[in-house]
Structure formats: structure tokens, C-alpha cells
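Novice: Spelled out, the chains give:
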Amino acid sequence: MSKDTNISLKESATFDRATMAEIRRAADTGIYDIRGFGAKRKLPHFDDLLFLGASMSRYPLEGYRETCNTSVVLGDRFAKKPIKIDIPVTIAGMSFGALSANAKEALGRGASIAGTSTTTGDGGMTPEERGQSEKLVYQYLPSRYGMNPDDLRKADAIEIVLGQGAKPGGGGMLLGQKITDRVAQMRNLPKGIDQRSACRHPDWTGPDDLAIKIQELREITDWQVPIYIKIGATRTYYDVKLAVKAGADVIVVDGMQGGTAATQDVFIEHVGIPTMAAIPQAVQALQEMGMHRKVQLIVSGGIRNGADVAKCMALGADAVAIGTAALVALGCNDPKWEEDYEAIGSAAGFYDDYQEGKDPAGISTQDPELSKRLDPVAAGHRLANYLRVLTLEAQTLARACGKNDLRNLEPEDLVALNVEAAAMARVPLAGTNWIPGQQY
Amino acid sequence: MKTVDLTISSVRDLNQALHEQSRSVSEKSWTVTNPKGSHNLAVGLDANIDVDIQGHAGYFCAGMNKEANVTVHGNVGQGVAENMMSGVVRVKGDASQAAGATAHGGLLVIEGNAGARCGISMKGVDIVVKGSIGHMSCFMGQSGSLVVCGDAGEALGDSLYEVHIYVKGEVKSLGADCIEKEMRPEHVTELKGLLEKAGVDDNPLEFKRYGSARQLYTFKVDNASAY
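Top to bottom, those sequences are chains A and B. Residue 149 in this note's numbering is what sits at position 85 of the first sequence, and the numbering runs on without skipping anything. Residue 874 in this note's numbering is what sits at position 226 of the second sequence, and the numbering runs on without skipping anything.
In case anyone wonders, no lab produced these hints; they're calculated from the structure. Here the structure is a predicted model, which is why all the values come from computation and not from measurement. A few of these clues could be false.
[Claimed, not checked] Each computed DSS-like pair below joins lysine-lysine, with the alpha-carbon atoms no more than 25 angstroms apart:
#  : chain 1 : residue 1 : chain 2 : residue 2
1  : B       : K650      : B       : K740
2  : B       : K650      : B       : K684
3  : A       : K218      : B       : K714
4  : B       : K840      : B       : K856
5  : A       : K358      : A       : K145
6  : A       : K106      : A       : K74
7  : A       : K422      : B       : K868
8  : A       : K255      : B       : K650
9  : B       : K829      : A       : K255
10 : B       : K840      : B       : K868
[Stated by the list, open to error] Ranges of calculated distance between the beta carbons of each label pair, as one might list FRET restraints:
#  : chain 1 : residue 1 : chain 2 : residue 2 : range
11 : B       : E834      : A       : R368      : 27 to 33 angstroms
12 : A       : Q241      : B       : K820      : 34 to 40 angstroms
13 : B       : I656      : A       : Y123      : 36 to 42 angstroms
14 : A       : I95       : B       : R862      : 18 to 24 angstroms
15 : A       : A494      : B       : Q664      : 54 to 60 angstroms
16 : B       : E818      : A       : A411      : 25 to 31 angstroms
17 : B       : I827      : A       : R81       : 44 to 50 angstroms
18 : B       : N851      : A       : I95       : 52 to 58 angstroms
19 : A       : A90       : B       : R862      : 22 to 28 angstroms
20 : B       : A665      : A       : G195      : 28 to 34 angstroms
21 : B       : N696      : A       : P271      : 33 to 39 angstroms
22 : B       : N696      : A       : G195      : 44 to 50 angstroms
A virtual CB, placed ideally from N, CA and C, is assigned to each residue, including glycine.
Take these sequences, add in the hints, and give me the full structure.
Specialist: Have a look at this one:
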């Protein structure tokens, strides 16, 4: 009788098979598990929220006829040239090094077709990416790999990265198998080493210093482009207040479902707060400072469909960013490579060893043969299609709520399916007026 | 020679005027008076011009410098010449922490002392300090050279990659994976050249060389206790 049919066998909830497998792996190797992707544990998420469509007390818009604006201007607080994106979905920062040059090019192509921005990562700006990205955000990271004033001036915005949702408080990681000649040259590192980026910026330490750093970047770029600050979602209320005070034009809050190219599994699964919990904290901070909609809020971490986009915006975000979903749209974890995934001990839909550089889909790799599998033009079109669907879905929901602009969605349009989501999102439990933690 | 008085002009005015030299140099020599510790002076320069700052400068002076020769006749705050690409930055006084942080090229000369984390994550710059440097200097230094004519504080060269470090005085302690190395003739030659470029007449043979043991370049279980 197998374990699946013998009901007298009882698996421990505490020491389940996955837990025991990890204990054995740790005992075998003596080192923590490193992987990519984002949190895989079940977390309170946007699926726990529902929209209240219009009926008698609210007036819907015609779903197929009346317009619903999706464009957003980002960074008009101080910059001479703010970014206008046609859809409120941007592409999050992902590095060349973590991703192949073809993947970076595809992200740029897809974003440009859809009228939105893409973002560099911890490895500098590649010509492929700049060339194909109509609007490119240049990340300013603690490592400063590839950082130079020429690329800084080519950027359409600068994103100072203080952390990311998958590993708030941690630095980047790129293992030796992905440090090819080109990656090593761009990062000024010996080829083949395990590169572990710093988690703190080298030349400033606190929010007062950050204000001066922002001024420096503005001076270098003659106040032309917006300056974003990206934070991993933890103490979001306080971090957003400090970021606004430091002078940010745009705040990017990345929840713990956000992906990474590589870090410790224990970090991914046990640090940070869910995206849904972070948004109300950020919005509260902005509102208390009178800066909501003046300093734009981009949120990321686990955005998968137009409903997620609309829910983020209803909670007060101005736009969202996607990373993992964009890679899936390009072809990451596609079942057409099933045999190849199995050959490296994984399976389509489960693959997360981005750090190994063996991605059968040619995305999270520097292997020239694997990289060729990704056609940047075709993949770019796939991404553009996906971005269109996200936007159409979000518009559908907004019109149903009677909104002619995605940013007119509001918390009042939402209810929660369970107490946890109601408390985190600060919307009523469905069928009640009760928001946990608030009087009613 | 053009003079910019910062009691009359703003830092923005100064930097804008200096940036306009990147298209074509119309004024080779610039003097900045009354800096009074202002932050972000002469940042993002991209022209072969000379900028003399007559007094103390604040944070990030000459940040991301390209080609320009910037001299500060005083002390500087945090992050002088951070991420410099080329050119020369000379500080007549002392420098606060993170001097030359992440700089990719050029020459940074500090005639006084430098604070903590001098040369942190440096990526190709040459730094010469006539005095002493603080703790955690050259942390994660990737390439270039750091010359210290005085003493070095704790944890010099922690998690070092390929920077050449030369210290004449005492080193309080070495950081993880940083070791003393043999001073071979090519290093004496390199150091002699750096000292000459910096205008220092110390004897290269009185220096010791430090570099990476390259034991922490890759994840190894046996190295866990090194951190």
C-alpha cells in the first residue's frame, strides 16, 4: 500500500516531507539553500479581496464604450522631465547578469510597445536594454556595479534601491557560474567568483545623508529626471515618510512576494511583509504628509493579473511593477521545456534555481546556447500582449465600479474575504462594515 | 579665470555652469570662493577643466568626476570623489568617511587624513592618502590602488577583491581575506609611480603591500567562521 492510499499514515504538519528534505539537504551540504523566484509560502494576498461592482447605489461605466484612463505621470514633484506611462504597469529592476542580454532586450521591447518603462538592475545598463527601452529607469544600488555618469544621464529616471521585497536588508547575489567575461567586465570583478553585493550604500548611512545623495544625483543630471526610492516592505509607514522627507519623486514599495535572482531561501520566506499589507501603510504615510498623488507610489510583489493591478490602485497606488510575471510572460517555466527542466532536477512551473544559470528558457542564464532560445522580438511581443491584458482587465473592473480612471478606484470599492485581509488592506470584511483595528 | 562666489551664486548655478563646459571648454580655470562646507560641489563634471575650491566642502564633492582637476583648499565631507571615472581630485586637508567610494578611475589625493571606509568598493581609482585612514577602509575593494603614507585602522581590506593596498605605517588589523603580500619589483614600480603622481616623496621600499587571499571568492562551508 502506498503512502497515498494508506490513510493510517499521518504526515506531521510541523515536520512535513519538505521540511525533512531541507533538514537532510542542510546536513549534507552545511550551507543554506540559495534560490531565485519569490516567496512560495501561502500569504494573505489580493485574491482575498473583492470589488464591489456598481448596482443601484453606484453607477457603472459602459464596459466597451466609455473611456477609462490608464496613463500616469511619474515624478513631477521636482524633475523637469517626469515620465508619462500609458499603462500603470511598469517592469521592475532585474539585472543583466541575473538575466541574459536577450531577456533584458525583450523586457525593453515589450515595455516600449505597451508604452511603459523598464528598469535596469544590479549590473549596469546594457546597450541592448537602453536601445530597446523607450523609457528606462536606471537603478542606483549599493554595489554601484557599472554605475557611471554617462549612463546616469541617459536614464529617464533614477531609482535609488534601499531594498527589495524578496530580501529587505540583504544585498544582491550572483554566483560564479553566471559571472561571464561580459558580466565580469561590466561589474569590474574577477570572472567566475561568487559575487555578493553590499546591502548598504557605501557613501551614506541614514535618511539625512540620503537627502544629500538625492541632491547630488539631481545636480549631476541637472534636475532633469525623476528620482525614485525603492524599499522592501517592512516598516513601510516610517520608511515612506523618511523617503518623502529625503526628497523622493516616486516611492517604490516591493512586498515580500517580490522575486529575486538569488538569495537565501530563509530570507525569501521569512523577511518582509505581504504587498497587500504594505500599501495601506505607504498610503497613510503619504496622506499624512499631504503627498499622496504628489509623490507617486509604485507597488510590486506578486502582481499577476489585472485584478491585482486594480486592487493595488484601489488601495492607493499610482502604478504597479512586475518582475516574476514579466519573466513568465517571456517564457520562464514554460512547459515546452519540460524535459530540460527535469534534466536539471526541476520541473516546469517549479524552476527557481536562477542562480545556477542553467535556465532552459534562456532567461536567467548567461550560457550563450541557452540564451539563444529566447528570441527577444517574439518574447517582447508576448510581454506586450500580457501587459495589454493586465490593463484591459484592470479597466474592466474600474468601469464596473463606475470609474473613468484607474486611479479613481478607492478602498471603498473593496471588501475582504477574511479577517486577515481586512486587517491588512484596511477594508471591511465582506458583508460587514467591520475593518479590524478600526471603529465602526 | 572664472570665479564663482557661493555667497552670490547657488550650488545649482555653479554645477550648471561647470556642466556647460562639457560641450566645449570656454573657461579652463575656475575658482569657487566661500564654499562654506556646501554639499555636492563640482559634481558630475565632464570636461578637462581646473576647479579650485577655496575652503571646506561638504558631502560628495567632485562626485562622479570625469576628466576635471578639482582641488579643495580645505577639508571635505563624506564621499569625496565618489564614483569618480577619471581626472584628479586633490584635497589639501582631511576627508571624512567613504572617500573615493566606488570610484572607477582617476586619481584621488588626500593630503591630510581620511576617515572610515576610505576607498570602499573602489573599482579602479588610485587613492593616495598622505596621512592615515580610518577603519574598514577598502571594504570590498574591487580594483585600483590605495596608498597610505600613515597608519590604517581596523579591518583594512575586508572582503577584498583585487585592489593593491600599500601602507607605510601601522595597520591596526586586517579584514577578512586580506593578507600581507610580498612586495615584488613590479609593485615597487607601481607604488613609485603613484607617489610621484600624487607629489609625495616617500620611499616606496618603506611600504608594505596587502591584497586578497582569494579564499572567500566562492561560497565554502569551511569559510563560514570568517564572517
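Novice: What are the numbers of the hints that this structure violates, sorted from low to high?
Specialist: 8, 10, 11, 13, 16, 18, 22
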